[in-house]
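Peer 1: Here is what each chain is made of, one letter per residue.
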Amino acid sequence: MIDSQQASAALNDINEIVHRLRQSQIYQIASLIIIMWGVLVFAGYIANYTWPPQGYAIWAVIDLVGIAGSIGIAAFSSVGPGAGAFAIRLLMAFLLFIAFGIFCSVVLGHYGPRQMLVFWPVFTMLFYALAGLWFGYAFIVIALGSSALIVIGYFYAGPALLLWMAAVHGGALVLGGLWMRRI
Amino acid sequence: MAELDEIIHQPLRLRIMAALNALPVSTGLEFARLKKLTGATDGNLGAHIETLARAGYVAVDKAFVGKKPQTTVTATAAGRGAFARHVATLQEIIVGKQP
Chain A
1 MIDSQQASAA LNDINEIVHR LRQSQIYQIA SLIIIMWGVL VFAGYIANYT WPPQGYAIWA
61 VIDLVGIAGS IGIAAFSSVG PGAGAFAIRL LMAFLLFIAF GIFCSVVLGH YGPRQMLVFW
121 PVFTMLFYAL AGLWFGYAFI VIALGSSALI VIGYFYAGPA LLLWMAAVHG GALVLGGLWM
181 RRI
Chain B
184 MAELDEIIHQ PLRLRIMAAL NALPVSTGLE FARLKKLTGA TDGNLGAHIE TLARAGYVAV
244 DKAFVGKKPQ TTVTATAAGR GAFARHVATL QEIIVGKQP
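Line by line, the protein sequences give chains A and B.
Start counting the first sequence at 1; every next residue gets the next number (this note's numbering).
Start counting the second sequence at 184; every next residue gets the next number (this note's numbering).
Quick caveat, the hints were computed from the structure, so don't treat them as lab data.
Be careful, since some hints might not be right.
Just a few of them, taken from the derived set where beta-carbon distance is under 10 Å, the chain A residues facing chain B [claimed, not checked]:
#1 I2
#2 I14
#3 E16
#4 Q28
#5 Q115
None of the values given here were measured: they were computed from a predicted structure.
Quick reminder that beta carbons are idealized off the backbone N, C-alpha and C, glycines included.
Input sequences plus hints: build the corresponding full structure.
Peer 2: Have a look at this one:
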């Protein structure tokens with residue numbers, strides 16, 4: 001027979017492994033969503049570069065496809081009891097975040113096209129970074145890495161900003177998602 | 184007085200059962216993910232999974248995905264029951280109902 005300290009250590013071991021399993025499941029689902037967004041925004045920047053007057057329409061389509069795809073992946077990858085309610089809360093938080101972004105960039109800020117191009121990716125990366133405080137450091141690394149590259153492009157990429165964004169924003173999301181699947 | 188399950192009590196087997204038990208019923212974990220989660224080596228993990236399988240606590244399914252072999256381990260109903268009883272016994276020890 002074991003004593004209470006050893007029993008407590010065994011229960012801690014169980015909790016630790018369950019925590020790691022949950023984190024790994026979150027990474028599996030999130031990585032798919034992040035890779036999907038990486039491909040979508042890459043396509044969006046290239047399309048926007050090719051047909052500049054269609055920019056708003058292109059990004060409206062990209063956003064709608066991305067949100068529908070994210071909901072679809074989350075819905076088909078339910079990881080256990082309570083996961084559905086959790087995903088809905090996360091989606092609501094994301095939508096509130098987006099609403100605040102619209103308020104800042106359109107109502108308060110009156111940003112130009114170049115500022116808008118940089119504001120939204122950096123703003124959504126802030127959501128990733130905050131999520132990382134709960135779900136794991138991988139989110140924070142992806143968010144900080146791509147935000148830094150985006151800001152560098154804002155100051156130094158000049159007229160090639162859209163191409164820069166396709167490479168560093170789309171590319172960072174795809175590579176980040178692939179990396180997340182390996183950890 | 185409930186007894187600790189000697190098969191589950193071994194630390195690596197406890198981790199394996201904890202991970203499998205946290206999944207929905209009939210859902211398994213691939214060997215590679217289980218290895219990453221538990222931090223075990225291939226040989227060690229394989230030996231302990233075999234012990235659990237012999238006791239009827241896990242089911243091992245070997246299949247090919249494309250050309251790659253894939254082993255999936257799933258907790259059986261008996262394994263889930265034994266794990267629940269083992270955890271209950273641990274909790275009883277902590278609150279002092281058992282010596």
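Peer 1: Now look at each hint and say whether the structure bears it out.
Peer 2: Hints, verified against the model:
Restraint check, I2 of chain A versus chain B: the minimum CB separation of about 7 Å is within 10 Å; hint holds. Evaluation of the I14 of chain A hint against chain B yields a held restraint, the C-beta minimum of about 4 Å falling below 10 Å. With a least beta-carbon distance of about 8 Å to chain B, the hint placing E16 of chain A at the interface is held under the 10 Å criterion. Because the beta carbon of Q28 of chain A sits about 9 Å from the nearest beta carbon in chain B, less than 10 Å, this interface hint is met.
Because the closest C-beta pair between Q115 of chain A and chain B is about 42 Å apart, greater than 10 Å, the hint is violated.
This entry does not satisfy hint 5, going by the numbered hints stated previously; all others are met.
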